[in-house]
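*Asks:* Work from the hints to combine the two standalone chains into their complex.
If you're matching them up, the sequences are chains A and B in order.
Quick note: the first sequence, position 132, residue 132 per the working numbering, numbers continuous.
Quick note: the second sequence, position 115, residue 115 per the working numbering, numbers continuous.
By construction, these hints were calculated from the structure, which means they are not laboratory data.
Note that the structure is a prediction, hence the values are computed from the model and not measured.
Heads up, the beta-carbon is just placed ideally off N, CA and C, and yes, glycines get one too.
Misleading hints may appear alongside valid ones.
[Unchecked claim] Only pairs whose alpha carbons sit at most 35 Å apart, straight line, appear in this in silico DSBU-like list of lysine-lysine:
| no. | chain 1 | residue 1 | chain 2 | residue 2 |
| --- | --- | --- | --- | --- |
| 1 | A | Lys174 | A | Lys2 |
| 2 | A | Lys97 | A | Lys174 |
| 3 | B | Lys45 | A | Lys97 |
| 4 | A | Lys97 | B | Lys49 |
[As the list claims (entries may be wrong)] If you want the ones that stay clear, here's a sample from chain A, every Cβ over 12 Å from chain B, calculated:
| no. | residue |
| --- | --- |
| 5 | Gln3 |
| 6 | His18 |
| 7 | Gly23 |
| 8 | Thr50 |
| 9 | Ala59 |
| 10 | Pro73 |
| 11 | Val89 |
| 12 | Ala120 |
| 13 | Leu175 |
| 14 | Gly183 |
| 15 | Asp197 |
| 16 | Gly255 |
Listed below, chain by chain, are the residues.
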Amino acid sequence: MKQARVAFTGAIHAAQPHVLEDGREGVGLADGRVAAAEDVVWLPPFEVGTVIALGLNYADHAKELAFNSQEEPLVFLKGPGTLIGHRGVTRRPAGVKFMHYECELAVVIGRTARNVHREAALQHVAGYCIANDYAVRDYLENWYRPNLRVKNRDGGTAIGPWLVDAADIPDPGKLELRTFVNGRQVQQGNTRNMITDVPALIEYLSSFMTLTAGDVILTGTPEGVINVDAGDEVICEIEGLGRLQNTLVADTAFGR
Amino acid sequence: MPCVQYTVPMDVAPYRLSGRVYGALLNHRSALAALGNSVNEAPYKAPPKAPVLYIKPRNTLAGNEAAVTVPRQVPELEIGATLGIVIGRTACRVSERTALEFVAGYLIVNDVSVPHARYYRPSIRQKARDGFCPLGPRVVARALVPNPDALQICVYINGQLQQSATTADLQRPVAALLADVTEFMTLAPGDVLTVGVAHPAPRVRAGQRVAIEIDPLGRLETLFVGEPS
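Isolated chain B (complex conformation) (with noise of 0.2 Å):
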């Protein structure tokens, strides 16, 4: 099968992406609270206490309008719909009260997954497929956003509007989660964070289309289509 190319913008204002990009686990409210109690059972035995990050490497990569595979063996896939922190300088330890100073500005993405119920030692299959992470329209800088920690995001699927979250419901709003994470790991210019994802998130099917919307980053839309047989 040939490789798929997937455009990804790279060179948008006003930093350059660096390709990586890392996603907070259960830092939105709803996802915390939807576990319940199960969170203090086997296997978890406790709520998370530090950042919980997981990485969506290049192969993820995508840009506006890509066209993103459902594989054959799963029915639906997941729509991961949250803000990106797009890192502007070297963020080693920053303080939560600095923090936002970091920051280039923000864009919407689309963190794909396979539906996965366990979150113990999940499958990178569930997250690291092809394609998989959608990101754009463009990065729009910090200063035309001026409280990251109030923006809504709407998720319409073939035009219908299936969810709509807050950033105000995040466990740690941007800037304590800047500040925690770079505790123990340094994000680079380019970096991009994400802030979670709100619980329940919506499920596609291949020959649907999705468009995630968080004003003022605009519209970042995504084409679900069959594998190729």
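Isolated chain A, as found in the complex (with noise of 0.2 Å):
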């Protein structure tokens, strides 16, 4: 099943997909209504509790940013100011030379893990969403990298449009990635290429983290990063999981 929430005529409701009689794609609320995808707000798709998120987790990727051995996942956390749903806007500083969008696949946990086994670990998972985990390199620094500066700007990953159910997607480890700018496909992966897969993932944080229901894993982006500008679209589709759309603005719709 996959399940959204979206705002909808002054308030917050649950959805899912229904396609409208004139073949547009919308959302149908519990309550009977239907709307179609442009006339509700997208919010991120669950109540998010801690936000994890991995670094160079792609052989291909690393490869790109010119890294290469790893003792163990790279792994940073992100706070929930950062999340937004689909169809949001995210902001482009002015005078930035690279900011890039990073196709993730998500994994929601739905029950409490600690020092769970990868063999047991996707027991552990509610569902899986798409995540688009902007980052703006000019403000890299060499100190906890990422630092949050870059990785955690308000609005700058967005998470949706559905939260599907681990019951819909046996396999997290044979998914393919796509983004597209302004239609153009400019980047393309499959999660069989993880250097630390979903299952070892949960095994390695709840070595040491317990995780509850809630916390999202953003496990990662493969190669095919390249600059965005404020007006493009990208999208972000992964494999089962539907089609995260976001657009970037300019500074002035945020009124600097």
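*Replies:* In structure tokens, the structure reads:
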């Protein structure tokens, strides 16, 4: 099952995919109403706890950034203010030279995990989403990389559109990922190329931190990151999870 | 192994904590000074420019009198005694001049780490372990703390004074830190931002009791225990 959280006519609703009579994509609310995708405000599809993110978790992307050895997964944390839903806008600061998208499989924890072995790890997953974890590389400093000014900017991580039940994704280790900028494919990969796969990540993390329902792991991005500009439409797609759309806007949209 | 439950003072007056704790790295002058010229060498190549932050996730939060586990693999833990700023109003792009108006109050934070010498890309295993962020014993309203940039922080281990530091030595004092952080990241009511830890941070072993005192915020006690086999 796929479930979204949307704001519509003054309240927040759980929503499911629904094709409108004219063939357009839309959502169906639990109370029977239906609406077009563009007539609702899409929120992150679940109540978000700790946001855990992976750097350089695809062999090809690590190579792209001239990064070789890895003793353990490169994990960093993010705050909730960075998350926005499907069809949202993300600010691209003026004067920045290199801001890029990162299409990532997001793994949402559904059940408390502490010292979990990888063979049992997927039992602790509620479901999966798509994430687009933007980075502004101009702000990278060599302290606690990647520093939050690069990776934890307000509205800099789109997530959604749906939370797809784990039961519908029997193997998160063989999903195609693609990113399109203004309709042109710019990034392509497959989760089978993760350096540390989903079960191993849950085993690793739960060996020192208790994961609880709502915690989410953004599992890293494959190669193919290029600069994007204000006005660009970025769509991240993962097999079985849908398409996550985001638009970059200039400082002027934020009164700067 | 059963999951250890930590009691967190989430309901303390005057504001409920959100459970989000952000720490400012190297914001105490002594901590930056201790690195000497190495800040200009690889891998850092330059001292920090913008505030460098890290996150203490919700599994790290613990209350006063919590028992914190020293992992088997390490002999000692580092005590990061620091001041926590509790946000009272949504703070986005605040100016230094008005920054303190966004503060609900202050509390003591014990930012526990596995000691690590390098700050380039440290493993979150060193700061994000369960229970590694005791805080409390309560939030003290801003009105009762006229100058957050002149607070004495004392750390006692088994009753012996081990560290004495002051918030007068911050690279970015409280208002400046809030201004520079909220330039790129909104802080929400109940969020906690810690102001940095003085060097050298004292270390503890299993079996020791740590008390951090900041007048007028009170006293935060933490017991360190060994990992059950």
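*Asks:* State for each hint whether it applies.
*Replies:* Hints versus structure:
1. A:Lys174 <-> A:Lys2: Given that 35 Å is the threshold and the Cα spacing comes to 19 Å, the pair holds.
2. A:Lys97 <-> A:Lys174: holds (34 Å)
3. B:Lys45 <-> A:Lys97: Holds. Lys45 (chain B) to Lys97 (chain A) sits at ~20 Å (cutoff 35 Å).
4. A:Lys97 <-> B:Lys49: holds (18 Å)
5. Gln3: Label holds. Min Cβ-Cβ 23 Å, cutoff 12 Å.
6. His18: holds (33 Å)
7. Gly23: For Gly23 (chain A), whose nearest Cβ neighbour in chain B is about 39 Å away, the distance exceeds 12 Å, so it holds.
8. Thr50: violated (4 Å)
9. Ala59: holds (18 Å)
10. Pro73: Per Cβ check, Pro73 (chain A) is inside 12 Å of chain B; nearest 9 Å; violated.
11. Val89: At about 16 Å from chain B, Val89 (chain A) clears the 12 Å cut-off, so the statement holds.
12. Ala120: holds (14 Å)
13. Leu175: The assertion about Leu175 (chain A) holds, with a minimum of 25 Å to chain B.
14. Gly183: Given that every Cβ of chain B is farther than 12 Å from that of Gly183 (chain A), nearest at about 30 Å, it holds.
15. Asp197: holds (19 Å)
16. Gly255: violated (10 Å)
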